[in-house]
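The listed protein sequences derive, respectively, from chains A and B.
Once you know that position 98 of the first sequence is 98 in my numbering, the rest is easy, because the numbers rise by one and skip nothing.
The number in my numbering is simply the position in the second sequence, starting from 1, with 1000 added.
Hints were generated in silico from the structure; no laboratory data involved.
Beta carbons are placed, not taken as given, at the ideal position from N, Cα and C, and that holds for glycine.
There may be inaccurate statements among the hints.
[Said to hold, decoys possible] One side of the interface only, derived from the structure: several residues of chain A facing chain B at Cβ under 8 Å:
id, residue
1, T24
2, P43
3, L101
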Amino acid sequence: GQQLNQSPQSMFIQEGEDVSMNCTSSSIFNTWLWYKQDPGEGPVLLIALYKAGELTSNGRLTAQFGITRKDSFLNISASIPSDVGIYFCAGRRSTGTASKLTFGTGTRLQVTL
Amino acid sequence: GAVVSQHPSWVICKSGTSVKIECRSLDFQATTMFWYRQFPKQSLMLMATSNEGSKATYEQGVEKDKFLINHASLTLSTLTVTSAHPEDSSFYICSAARTGVYEQFFGPGTRLTVL
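In isolation and in its complexed conformation, chain A is listed as follows (with noise of 0.2 Å):
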């Protein structure tokens, strides 16, 4: 199936570094979401998107809905060392219903102290 192509693919930074990361389509989507998945566990969402251009802050986290709706990007401020895992994200096209995702490659980041 369909896959969302995010970069970089892995990064190693310092505790304390901003980080920045972006999913890209070919195709347009409706609804953008940023998940973090831990080893061994299921995807926790950390931010919902649904309008072109918007930007929404969780935290330290902060995400934008790209204008083209073809991308979405992802930034953390001073990491710490639980923002270790992989960040995916996820696209929906449909609107106002629980329709399917499709997920992006993934963003496996690691902090160092």
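Let chain A serve as the given structure and place chain B on it in line with the hints.
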């Protein structure tokens, strides 16, 4: 709120046997549940979508006779892997969406190992 559980959390079985995985929404009614498969270091791939009381909709390439999905109530969906083989070894994750809230809440996953 919006807690989803899965049982078992891990299972090891012999090739040729069938394995059932349960997905429960603990504190809400889930009109729609989704089943995903995740291979090591890969993303989540949707296998099927199930709505309570109706047949599941399978994604292209997913064998419906091999992966039996039942969504008998608003809080329970089951995935049965029939005649499992080593290539079915994977991390199976369910998610649930509740009425009026369109975001999916994920379970903790079930690690299946087929020997």
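inquiry  = Hint P43/A vs chain B: min CB-CB distance below 8 Å?
reply    = With a minimum Cβ separation of about 5 Å from chain B (threshold 8 Å), the hint on P43/A holds.
ask   = Under the criterion of a CB-CB separation shorter than 8 Å, is T24/A in contact with chain B as hinted?
value = violated, 14 Å
message = Would the hint on L101/A be counted as holding, given a Cβ-Cβ threshold of 8 Å to chain B?
response = holds, 7 Å
Hint check: a violation occurs at hint 1 only; the rest are consistent with the structure.
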